[in-house]
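Engineer: Using the sequences plus the hints, can you model the full thing?
Read off the chains here:
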Amino acid sequence: MGEFLHLLASGLALGGVYAIMALALVMIYQATQLINFAQGEMAMFSTYVAWKLMDSGWPYWRAFAATVLVSFIGGVVIERVVVRPFARAPILASVIVSIGLAFIFNSLAGYLYGYSVTSFDSPFGDRPLFGGGYMSAHEAGAVLVSLCVLAVVYAFFRFTPLGLAMRAAAQNPVSSRLVGIRVGWMLALGWGLAAAIGSIAGMMAAPIVYLDPNMMFGILLYAFAGAVLGGIDNPFGAAFGGFAVGVMENLVGAYVVGPEVKLSVALAIIVAVLVWRPSGLFGRRLVARV
Amino acid sequence: MARRNGRIASIVTAAVVIVALAIPFFASGYRLYQGSQVLILAIALLGLNLLTGFNGQISLGHGAFFAIGGYGTAILMAKLGVPYWAAIPIASVVCFIAGFLFGFPALRFGGLYLALATFALAVAMPQMLSYKGFDAYTGGPMGLLLTKPHAPFGLPLSGDQWLYLFCLAFAAALYWAAVNLVRGRVGRGLIAIRDHPIAAETMGVNAALYKTTCFGVSALYAGVAGGLSAIVVGFVSPESFGLPLSLAFLVGIVVGGLASLGGMLFGAVFIEFVPNVADQLTVNFGESAKALPGAVYGVLLILVMALMPAGVAGAARALASLAARFFAPARRRTM
Amino acid sequence: MLTRRSFLQSSAAAAAFAASAGSAHADATPGITATEIKIGQTMPYSGPASAYGVIGRTEAAYFKMINEQGGINGRKLNLISLDDGYSPPKTVEQVRRLVEQEQVAFLFQTLGTPPNTAIRPYCNEHKVPQLFVATGAAKWNDPKHFPWTIGYNPSYETEARIYAKQILATKPDAKIAILYANDDFGKDYIVGFKEGLGASHEGMIVKEATYENSEPTVDSQVVTLQGSGADLFFIVATPKFAAQAIRKSFDLGWNATRYITNVSVSIATVLKPAGLDKSKGLITGGYVLDVTDPRYKDNPDVKGWKAFTDKYMSAKEYIDVNACYAFGAAATMVQVLKQCGNDLSRENVMKQAANLKAFAAPLLIPGIAINTSPDDFDPIRQLQLLTFNGTSWEPFGEILQG
Numbered sequence: 001m002g003e004f005l006h007l008l009a010s011g012l013a014l015g016g017v018y019a020i021m022a023l024a025l026v027m028i029y030q031a032t033q034l035i036n037f038a039q040g041e042m043a044m045f046s047t048y049v050a051w052k053l054m055d056s057g058w059p060y061w062r063a064f065a066a067t068v069l070v071s072f073i074g075g076v077v078i079e080r081v082v083v084r085p086f087a088r089a090p091i092l093a094s095v096i097v098s099i100g101l102a103f104i105f106n107s108l109a110g111y112l113y114g115y116s117v118t119s120f121d122s123p124f125g126d127r128p129l130f131g132g133g134y135m136s137a138h139e140a141g142a143v144l145v146s147l148c149v150l151a152v153v154y155a156f157f158r159f160t161p162l163g164l165a166m167r168a169a170a171q172n173p174v175s176s177r178l179v180g181i182r183v184g185w186m187l188a189l190g191w192g193l194a195a196a197i198g199s200i201a202g203m204m205a206a207p208i209v210y211l212d213p214n215m216m217f218g219i220l221l222y223a224f225a226g227a228v229l230g231g232i233d234n235p236f237g238a239a240f241g242g243f244a245v246g247v248m249e250n251l252v253g254a255y256v257v258g259p260e261v262k263l264s265v266a267l268a269i270i271v272a273v274l275v276w277r278p279s280g281l282f283g284r285r286l287v288a289r290v
Numbered sequence: 001m002a003r004r005n006g007r008i009a010s011i012v013t014a015a016v017v018i019v020a021l022a023i024p025f026f027a028s029g030y031r032l033y034q035g036s037q038v039l040i041l042a043i044a045l046l047g048l049n050l051l052t053g054f055n056g057q058i059s060l061g062h063g064a065f066f067a068i069g070g071y072g073t074a075i076l077m078a079k080l081g082v083p084y085w086a087a088i089p090i091a092s093v094v095c096f097i098a099g100f101l102f103g104f105p106a107l108r109f110g111g112l113y114l115a116l117a118t119f120a121l122a123v124a125m126p127q128m129l130s131y132k133g134f135d136a137y138t139g140g141p142m143g144l145l146l147t148k149p150h151a152p153f154g155l156p157l158s159g160d161q162w163l164y165l166f167c168l169a170f171a172a173a174l175y176w177a178a179v180n181l182v183r184g185r186v187g188r189g190l191i192a193i194r195d196h197p198i199a200a201e202t203m204g205v206n207a208a209l210y211k212t213t214c215f216g217v218s219a220l221y222a223g224v225a226g227g228l229s230a231i232v233v234g235f236v237s238p239e240s241f242g243l244p245l246s247l248a249f250l251v252g253i254v255v256g257g258l259a260s261l262g263g264m265l266f267g268a269v270f271i272e273f274v275p276n277v278a279d280q281l282t283v284n285f286g287e288s289a290k291a292l293p294g295a296v297y298g299v300l301l302i303l304v305m306a307l308m309p310a311g312v313a314g315a316a317r318a319l320a321s322l323a324a325r326f327f328a329p330a331r332r333r334t335m
Numbered sequence: 001m002l003t004r005r006s007f008l009q010s011s012a013a014a015a016a017f018a019a020s021a022g023s024a025h026a027d028a029t030p031g032i033t034a035t036e037i038k039i040g041q042t043m044p045y046s047g048p049a050s051a052y053g054v055i056g057r058t059e060a061a062y063f064k065m066i067n068e069q070g071g072i073n074g075r076k077l078n079l080i081s082l083d084d085g086y087s088p089p090k091t092v093e094q095v096r097r098l099v100e101q102e103q104v105a106f107l108f109q110t111l112g113t114p115p116n117t118a119i120r121p122y123c124n125e126h127k128v129p130q131l132f133v134a135t136g137a138a139k140w141n142d143p144k145h146f147p148w149t150i151g152y153n154p155s156y157e158t159e160a161r162i163y164a165k166q167i168l169a170t171k172p173d174a175k176i177a178i179l180y181a182n183d184d185f186g187k188d189y190i191v192g193f194k195e196g197l198g199a200s201h202e203g204m205i206v207k208e209a210t211y212e213n214s215e216p217t218v219d220s221q222v223v224t225l226q227g228s229g230a231d232l233f234f235i236v237a238t239p240k241f242a243a244q245a246i247r248k249s250f251d252l253g254w255n256a257t258r259y260i261t262n263v264s265v266s267i268a269t270v271l272k273p274a275g276l277d278k279s280k281g282l283i284t285g286g287y288v289l290d291v292t293d294p295r296y297k298d299n300p301d302v303k304g305w306k307a308f309t310d311k312y313m314s315a316k317e318y319i320d321v322n323a324c325y326a327f328g329a330a331a332t333m334v335q336v337l338k339q340c341g342n343d344l345s346r347e348n349v350m351k352q353a354a355n356l357k358a359f360a361a362p363l364l365i366p367g368i369a370i371n372t373s374p375d376d377f378d379p380i381r382q383l384q385l386l387t388f389n390g391t392s393w394e395p396f397g398e399i400l401q402g
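Residue numbers (our numbering), protein chains in the order written: chain A, 1 to 290; chain B, 1 to 335; chain C, 1 to 402.
It is possible that some hints are incorrect.
[Stated by the list, open to error] On the chain B side, residues computed to face chain A include the following (Cβ under 10 Å):
id, residue
1, GLY53
2, ILE58
3, PHE104
4, VAL123
5, ASN180
6, PRO293
7, TYR297
[What the hints assert, rightly or not] Below 30 Å or equal to it, Euclidean Cα-Cα: the simulated DSBU-like pairs (lysine-lysine) are:
id, chain 1, residue 1, chain 2, residue 2
8, C, LYS357, C, LYS139
9, C, LYS311, C, LYS272
10, C, LYS144, B, LYS79
11, C, LYS165, C, LYS38
12, B, LYS79, C, LYS139
13, C, LYS127, B, LYS148
14, B, LYS132, C, LYS165
15, A, LYS52, C, LYS306
16, A, LYS52, C, LYS316
[Unchecked claim] Example chain B residues on the side facing chain A (calculated, C-beta under 8 Å, incomplete):
id, residue
17, PRO105
18, ALA115
19, ALA124
20, LEU301
I should point out that these hints are in silico values taken from the structure, not numbers from a laboratory.
Where is the CB? At the ideal position from N, CA and C, for every residue including glycine.
Structural biologist: This is the structure:
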């Protein structure tokens, strides 16, 4: 039983990270119909920025806030400068551009900060909670932060005019323009938000997985699995998918097939869901009319 | 106009063939090795382009079929003693079946999801290759070493020259097959499915069959390339077939030009040589900049996409039509 | 070089590339002139193994220092180090470029088991010395079949055997759980460990779990391993995962004796992230000393290393155990070249590489030295058992020979 609870707890903690990343992916997908392969590397780079700030003496929450802000601005800039010019190009050209961005961020991080493992402090401390050491304080904190982020994003999109404008721009750019929404800036905002969310994911993940330039790669894959599982066009579904993948990966790896094939399990999840329910568990079913 | 373009195309093709045949007699072993790699990559790109460029199914996981072909050939040669020239066809049939089978679930999901599913396949492949249970055949993480074949019938060719010509033969044959496929009914069917799937179905194109077969064929191409690669390198291991390979394939077909078979040679040249170019460029930044070639490569990718969003072939077409207009101002304009 | 603009004429590109075939040197030994020794190397500067790229950079800096001191017998060292991304096909390509185009005299510290496995047949066929390969696989000690390839690291199998013997001597009724990487590094250890335990004791291993290098964390594997009821935990992992395993096993309250491999012994980059108090009691067999260990603060090697990194590298590399390792390897190479005198033919370089007697390369644990002979291509066979006391690695027992 103890083992099961441990697996569940660490699955939820990492699942929270996957959920946040999945949310960032969905955000960009909803706005631009594009999968941003550089999402993970951008998150990793943001985490390094936070680390650098804390290394220079900044207290945690100040560095956290600054990083989120810097990431937001960075995301907006990248969208306007690098991604926007390819809006009319074939979609694969944009995919190549995002791959290029991933290379750039990964190499820059390696160049600036080296490749050795760096520890990253958690604001929640490291003590085990609940006696049996089932969940460390940080893991619990990470889950809480994930849920907070989801709540904030949900509230933003549902209850604020700006959120409404962004949703409109994503669903129907032509009509949105007619009503006066600056669609271009909505896209940039989407990227900024996704980058900010990604930076939070990175800062929550780093105390668990340790900071190094290749930290986000495995996480990105599981985040994809989560987004697909939940439905790539549904932020909630994607977040649920992230948590589900985190827990499933642990439990399946421990009880069913063994950790040698954990990645293959992620693949199997993706394929199985797509075959059975192509739009994911909570995605909208797309019906094409002839 | 079409006939004139056709003539230019034939001249270019003939020139390429002549140069390709001449290379083994002028180039050193190292350059021949690179040449073989370019041909191998071109074959893989041809396959991927058939699937993605002509049929609209985005695959980010063709490295996996490349790996199946490579490991299949290696296992046949190293463990079952099959000669190299027979191992490749057998391994490629296995790849066709694998691709065909993967094509079935792929029918259910559209562009983006297929991209994600194939992406997961590419990432999971090294893990599947080093799975303990298959160790006896795959050599596990240690990989398999293959002996390099020598020129047959005592031809006065070095191993490198013979392998290059061997790859060239495959490349030429597969290119010719692809061109015929694309020009014929099947090709038109594939393109129709890509552009207007519903209209194509109403016209009687069996989309399911075409799409799965296309997947199988493109996997076959990747498998042949993988098998050739195993022989040319002389070694397979899980590290040889990671995600970067699949991403490189995608870069190659986009840079070469989607739905352009001739462009695949340029795509192959790009992914073979540009990382080295990125390396050279960063030498100027000093020792600590050893990490930078990746960034330079990323920048180059973005630049190439900005300058040539339709790939090299698209740029060539644009240049050709520009040249045509420039050189024939006296011709009667059609509009 | 390849023209990038003329895309219309792929034939022009192809012709240019064919024409740039390697030029032939008139010298007897390629790469050796009266003023220069050209050394070739492949390193994973990109990709998943990029953490090891610091090895190449350290060695380049070391050779730069030697050059500034006048070189060796009047010749400057020119290290040409190319990125192979830890991908064997790329390694083969780069090595062929180094040998056929750059005309290097020999290869030095090419890194990784799969890359080196891929190039070994080529090097031996073309009689190019493949010196001091940067990997611990046991297969590099095979002078009979591969006389041109010599290893450097103490082999993983040897290290694992030493641990097995130690366990049999100190805890013969232990229940062992093993976490290992699902690659050549991990598998070599398992083989050596099982061999060391012997068939009769293999039952001591109650659970094994593997991980992939692309996984984010090994926490769930550690949980599963603890669940097996083992009281001895053998962590065969690279730094990032070792740190995770150390921390998690402590957090779970798992009271097991923990052994880790010597690739993950760095206090600064593994134990500190894991938590120094969580790392107490770890046992390993090391050969490179830890420069942050206060017991070595007056060690002349450490002082030299500090001066070196201050001038040629940075504080980051000072604490990086991979960089310390590379420092010793580069010094070993220089020693071989010094022993060659003026005969820098490939045969003699190989002969001198197999002729190192009690060479105390810098930053090796005092007492450990490099020994090679025509039958023994395993330069470092000694390890010192160490245990971590919360601040430093304390040696215990004798220096063991594997």
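Engineer: Now look at each hint and say whether the structure bears it out.
Structural biologist: Checked hints:
Evaluation of the GLY53 of chain B hint against chain A yields a held restraint, the C-beta minimum of about 9 Å falling below 10 Å. This hint holds: ILE58 of chain B has a C-beta 7 Å from the nearest C-beta of chain A, less than the 10 Å allowed. Satisfaction of the interface hint for PHE104 of chain B is found here, the shortest Cβ-Cβ separation to chain A being roughly 9 Å, below the 10 Å cut-off. The beta carbon of VAL123 of chain B comes within 5 Å of a beta carbon in chain A, closer than 10 Å, and the hint placing it at the interface holds.
Checking ASN180 of chain B against chain A: minimum C-beta separation of about 25 Å lies over 10 Å; hint violated. The beta carbon of PRO293 of chain B comes within 7 Å of a beta carbon in chain A, closer than 10 Å, and the hint placing it at the interface holds. Residue-level restraint check for TYR297 of chain B holds (minimum Cβ-Cβ distance to chain A is 5 Å; threshold 10 Å). The suggested pairing of LYS357 of chain C with LYS139 of chain C holds, with an alpha-carbon distance near 22 Å, which does not exceed 30 Å.
Between the alpha carbons of LYS311 of chain C and LYS272 of chain C the distance comes to roughly 26 Å, so the proposed pair stays at or under 30 Å and holds. Between the alpha carbons of LYS144 of chain C and LYS79 of chain B the distance comes to roughly 24 Å, so the proposed pair stays at or under 30 Å and holds. Our distance criterion of 30 Å between C-alpha atoms is broken by LYS165 of chain C and LYS38 of chain C, whose separation comes to about 43 Å. Of the pairs offered as hints, the one joining LYS79 of chain B and LYS139 of chain C holds, with about 20 Å between alpha carbons and a cut-off of 30 Å not exceeded.
With a CA separation close to 17 Å, the supplied pair LYS127 of chain C and LYS148 of chain B stays within the 30 Å bound. As the CA atoms of LYS132 of chain B and LYS165 of chain C are separated by approximately 26 Å, the hinted pair is consistent with the 30 Å bound. About 24 Å separates the Cα atoms of LYS52 of chain A and LYS306 of chain C, which keeps this hinted pair within 30 Å; it holds. Restraint check: the Cα-Cα separation between LYS52 of chain A and LYS316 of chain C comes to about 14 Å, which is no more than 30 Å; the hinted pair holds.
Of the supplied interface hints, the one on PRO105 of chain B holds, with its beta-carbon coming within about 5 Å of a beta-carbon of chain A, less than 8 Å. Among the interface hints, the one on ALA115 of chain B holds; its C-beta lies about 7 Å from the nearest C-beta in chain A, closer than the 8 Å criterion. The interface hint given for ALA124 of chain B holds, since its Cβ lies 4 Å from the closest Cβ of chain A, which is under the 8 Å cut-off. A hinted interface residue such as LEU301 of chain B counts as satisfied when its beta carbon comes closer than 8 Å to some beta carbon of chain A; here the least separation is about 4 Å, so the hint holds.
Taken one by one, the earlier hints fail for this structure at numbers 5 and 11, listed in ascending order.
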